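Just so we're aligned: 57 in UniProt numbering is position 57 of the sequence shown, and the numbers increase by one with no gaps anywhere.
Quick caveat, the hints were computed from the structure, so don't treat them as lab data.
Treat the hints with caution; some may be incorrect.
To be verified - Cross-link-like lysine-lysine pairs, in silico, BS3-like; alpha carbons within 30 angstroms at most:
(1) Lys20 x Lys10
(2) Lys30 x Lys47
(3) Lys57 x Lys30
(4) Lys55 x Lys20
(5) Lys10 x Lys47
(6) Lys20 x Lys47
(7) Lys55 x Lys10
(8) Lys20 x Lys30
(9) Lys20 x Lys57
(10) Lys10 x Lys57
(11) Lys10 x Lys30
(12) Lys47 x Lys57
(13) Lys30 x Lys55
The model shown is predicted, which means the values in this text are computed figures rather than measured ones.
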Amino acid sequence: MPEEFLDAPKEVRIALCQEKFDSDGGVQRKSMALGNIPRPGLEDMLKIVRSLDIKGKISGPEPPKKETGRTGTGSEYRSVLPIS
Numbered sequence: 001m002p003e004e005f006l007d008a009p010k011e012v013r014i015a016l017c018q019e020k021f022d023s024d025g026g027v028q029r030k031s032m033a034l035g036n037i038p039r040p041g042l043e044d045m046l047k048i049v050r051s052l053d054i055k056g057k058i059s060g061p062e063p064p065k066k067e068t069g070r071t072g073t074g075s076e077y078r079s080v081l082p083i084s
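Given the sequences, and given the hints that come with them, work out the whole structure.
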């Protein structure tokens with residue numbers, strides 16, 4: 001994601017988040033989650049979300065095992081944002 005989004009007006013950053021959550025997001029318990037997005041894309045979205053003063057984190061599979069280079073849970077990561 002271009003760095004310009006971090007400097008974009010608040011309305012633009014909110015619209016970007018809305019688009020991503022509409023297409024790849026959902027609500028789970030007391031949080032919103034984005035899924036099926038590569039880790040670098042989630043890291044970019046987390047920067048945008050944090051630029052809006054919203055707390056968030058990325059959760060996902062454990063680091064690769066040295067023997068196989070694979071994880072037991074696949075390569076899907078999720079970004080979780082608490083709902084207040």
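Hints, one by one, checked against the model:
1. About 16 angstroms separates the Cα atoms of Lys20 and Lys10, which keeps this hinted pair within 30 angstroms; it holds.
2. Between the alpha carbons of Lys30 and Lys47 the distance comes to roughly 21 angstroms, so the proposed pair stays at or under 30 angstroms and holds.
3. Taken as a hint, the Lys57 and Lys30 pair is honoured in the structure, with Cα atoms around 14 angstroms apart against an allowance of 30 angstroms.
4. Of the supplied pair hints, the one linking Lys55 and Lys20 holds, its CA atoms being roughly 17 angstroms apart against a limit of 30 angstroms.
5. Between Lys10 and Lys47 the CA atoms are separated by roughly 13 angstroms; this keeps the pair inside 30 angstroms, and the hint holds.
6. This hinted pair checks out: Lys20 and Lys47 have alpha carbons roughly 14 angstroms apart, not beyond 30 angstroms.
7. Between Lys55 and Lys10 the CA atoms are separated by roughly 16 angstroms; this keeps the pair inside 30 angstroms, and the hint holds.
8. A C-alpha spacing of about 18 angstroms is found between Lys20 and Lys30, which places the hinted pair at or below 30 angstroms, so the restraint holds.
9. Distance restraint check for Lys20 and Lys57: the Cα-Cα separation of roughly 16 angstroms lies within the 30 angstroms cut-off, and the hinted pair is therefore satisfied.
10. Distance hint between Lys10 and Lys57 is fulfilled; the C-alpha atoms sit about 20 angstroms from each other, no more than 30 angstroms.
11. Annotation: proposed proximity of Lys10 to Lys30 holds, straight-line Cα distance about 24 angstroms (limit 30 angstroms).
12. Using a Cα cut-off of 30 angstroms, the hinted pair Lys47 and Lys57 holds, with the two alpha carbons roughly 10 angstroms apart.
13. For a cut-off of 30 angstroms, the pair hint linking Lys30 to Lys55 stands: about 13 angstroms separates their Cα positions.
In this structure, none of the earlier numbered hints is contradicted; all agree with it.
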